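A.B. asks: With these hints in hand, go ahead and build the complete structure from the sequences.
Residue numbers (this note's numbering), protein chains in the order written: chain A, 1 to 114; chain B, 1 to 464.
Keep in mind that the hints were calculated from the coordinates and are not lab data. Nothing here was measured: the structure is a model prediction, and the numbers come from that model. Glycine is no exception: its CB is placed at the ideal position from the N, C-alpha and C atoms. Keep in mind that a hint or two might mislead.
If you anchor each label on the Cβ, the simulated ranges turn out as follows [what the hints assert, rightly or not]:
#1 Asp342(B) with Arg33(A): 36 to 44 Å
#2 Gln237(B) with Glu71(A): 50 to 58 Å
#3 Ala64(A) with Asp342(B): 53 to 61 Å
#4 Thr26(A) with Arg220(B): 33 to 41 Å
#5 Lys114(A) with Ala37(B): 17 to 25 Å
#6 Pro113(A) with Ile53(B): 33 to 41 Å
Below, a list of computed lysine-lysine pairs in the BS3-like style, where the Cα atoms sit at most 30 Å apart [as the list claims (entries may be wrong)]:
#7 Lys68(A) with Lys30(B)
#8 Lys312(B) with Lys100(A)
#9 Lys44(A) with Lys322(B)
#10 Lys68(A) with Lys312(B)
Here's a subset of chain B near chain A, in silico, CB distances under 10 Å, partners left out [unchecked claim]:
#11 Ser38
#12 Ser41
#13 Asn42
#14 Gly87
#15 His88
#16 Ser102
#17 Arg124
#18 Arg164
#19 Leu165
#20 Thr326
#21 Val341
#22 Leu345
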Amino acid sequence: MLLAVAGLALAGCSKPAATAAPADVTGLRPADRRLAELYEGACKTCHVTPGSGAPQTHDHAAWAPRWKQGESVLLDHVIQGYRAMPALGQCAACAPDDFKALIRFLADKEGAPK
Amino acid sequence: MISRRSALLTGAAAVTAAGAGGVYVATREKPEPPAPASIDSNGRLLWRNWSGIQHAYPAARSAPRSEAEVAAALTSAQAPVRAVGAGHSFTGLVPTTGTLMSLDALSGVARWEGSEAVVWAGTRLGALGPALAEKGRAMPNLPDINKQSLGGAMGTGTHGTGARLKAIHGDAMALRLATVSGEIIDCDAATNADIFRAAKVSLGALGVITQVRLATSPNRRLHRRVWVEPFEETLAQAEARWAKHRNFEFYAVPFTGLAANITHDETDAPARPRAAESDDAFLGVLKQLRNLLGFSTPLRRAAARALLGSAKPEEAVDEGWKLLSTDRPVRFNEMEFHLPVDAQLPALKEVVEAIEVHRHDVFFPIEARRIAADDAWLSPFEGGPRGSIAVHAYYKDDFAFLYTLIQPILLRHGGRPHWGKLHTLRGQQLASLYPNWNSFLEVRRRLDPAGRLLNPYLSGLFEP
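C.D. replies: Set out below in structure tokens:
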């Protein structure tokens, strides 16, 4: 029996294929002060850490296929937790509208039609 | 965490195993566990813990921005009032139909008192490391995961490993506790000493800890070493390694006869950061070996040994907060008990044997750590050092065996449960394990006579 274990192992991960993130990603934050605090306290720990498997902040290539799924799907993934994404992004203080705004910021779609 | 051992996979491109009946394919990923609704029929937003097994629809959410707001919410918000951090506890400490309070807005280092840092309890451990490092200081020890809030980690007795290193609450020199009467109580070993010893590990059942004064240590670089060897060799060397190394832990890998060892020791050597993490890769291999070869332990063992047994050790040098505690993206459920040190290794052998006989679906390694004693009344390490044994189950897998197969072994060896991890102990069972159990309950009744902080889980825990 032949087991191509290395390939299978990676298939078992929750990580998507690695994509390059902007070089200054750690310095990005929402303009709104309260939203920036929520981002700094929750989202940032994974979404500016390339090894985390999370789509990185403003990484357009990583976010494009996710954005296509629609806001309601992305919001549900945040609330429920999805693969390595913990429920509520571990932000117990966030309301649904906060999550929507944070998703838009992460995807660099703050100007997109709502 | 063993899942970070990317180096273990070096050279593991493929393995050929002799099979009698052709290719056995069972690699389909299990579906996600059933999910509760994101919004309930009353329009309330779901709260769910990290692993997904606890959930609630709180009537109100509170995100205080000052101690006064914490106290006001404790006094008047809809009960039960439960504080939440990162939601990393597996037990039912957080779920409430009343008020869910997040301290995320009370975060950061408030001030320094000499080498001690006064830290807001909502600070996530991952943020505390760099904040202390700015002053050349560090927490003496850290747990595996860096997502937890300081308050949540203390409240559940969260710990790292090291025979001479205490759990996080063991380095608390003082704290401020907001209570349901609206009072903010300052306490330390000399002032309100009974409340201090009760509050350091208190499950959010006395009030809400707002600030903690933490002892810190110099922010030294650590030399990290990870290697795999036969499990029997690890058992033979474990006590000597706990005595020798600043931090030592190991993971018994069931169905392989192997163990992964991790040491950290202080060094002045130049930094040599750890390679980019592939946290999931090691666990991914073990899971696929389970999926493909779970029907045959000899094949599974042979394949695992071929893949992991000759792996190149991993080494790194960096500041402690960067090495001891990191992200852990693979979700799981977990049971951990803390045993008298003499019982730790015999109990671990029993646990591994039981899993290999009865639970071929288990693939997570079993973690063994050592923790120094402290004096908090509900600390698992009160009265003497303890050796911990932690058994994990992938979040999509059944974990009932933890209660039926693992807990009886750990209890028989004198174990005390981790407060944030799975166990079934209540009332008198806990009273028999903790000499100061009744003293804690007396303080609890004094500070929260109407039970505003008690959800059903805590009421059951504290029942006579």
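A.B. asks: Indicate, hint by hint, whether the structure satisfies it.
C.D. replies: Consistency of the hints with the structure:
The supplied range of 36 to 44 Å is broken by Asp342(B) and Arg33(A), whose beta-carbon atoms lie about 55 Å from each other. Gln237(B) and Glu71(A) have their C-beta atoms about 55 Å apart, which keeps the hinted 50 to 58 Å range intact. Remark: the range hint 53 to 61 Å for Ala64(A) to Asp342(B) is upheld by a beta-carbon distance near 57 Å. Between Thr26(A) and Arg220(B), the C-beta spacing of about 25 Å breaks the proposed range 33 to 41 Å.
In this structure the supplied range 17 to 25 Å holds for Lys114(A) paired with Ala37(B), their Cβ-Cβ distance being about 24 Å. Distance hint for Pro113(A) and Ile53(B): a CB-CB separation of about 38 Å, consistent with the stated range 33 to 41 Å. Pair hint Lys68(A) plus Lys30(B) holds up; C-alpha atoms about 25 Å apart against a cutoff of 30 Å. Between the alpha carbons of Lys312(B) and Lys100(A) the distance comes to roughly 45 Å, so the proposed pair goes past 30 Å and is violated.
Pair hint Lys44(A) plus Lys322(B) holds up; C-alpha atoms about 16 Å apart against a cutoff of 30 Å. At most 30 Å may separate the alpha-carbon atoms for a hinted pair to count; Lys68(A) and Lys312(B) exceed this at roughly 42 Å. Taken as an interface hint, Ser38(B) checks out: its beta carbon lies about 4 Å from the nearest beta carbon of chain A, inside 10 Å. With its C-beta approaching chain A no nearer than about 16 Å, Ser41(B) sits outside the 10 Å limit, and its interface hint is violated.
Here the hint on Asn42(B) is broken, as its CB sits about 15 Å from the closest CB of chain A, past 10 Å. Restraint check, Gly87(B) versus chain A: the minimum CB separation of about 6 Å is within 10 Å; hint holds. For His88(B), the shortest C-beta to C-beta distance to chain A is roughly 8 Å, which falls under 10 Å, so the interface hint holds. For Ser102(B), the suggested interface contact is upheld, since its CB lies about 4 Å from the closest CB of chain A, less than 10 Å.
At about 7 Å, the closest approach between the beta carbon of Arg124(B) and any beta carbon in chain A falls short of 10 Å, and the interface hint on this residue holds. The interface hint given for Arg164(B) is broken, as the beta carbon of that residue sits about 29 Å from the closest beta carbon of chain A, more than 10 Å. Nearest Cβ of chain A to the Cβ of Leu165(B): about 24 Å, over the 10 Å cut. The hint is violated. The closest approach between the C-beta of Thr326(B) and any C-beta of chain A is roughly 9 Å, which is under the 10 Å cut-off, so the hint is satisfied.
The interface hint given for Val341(B) is violated, since its Cβ lies 34 Å from the closest Cβ of chain A, which is over the 10 Å cut-off. Evaluation of the Leu345(B) hint against chain A yields a violated restraint, the C-beta minimum of about 30 Å exceeding 10 Å.
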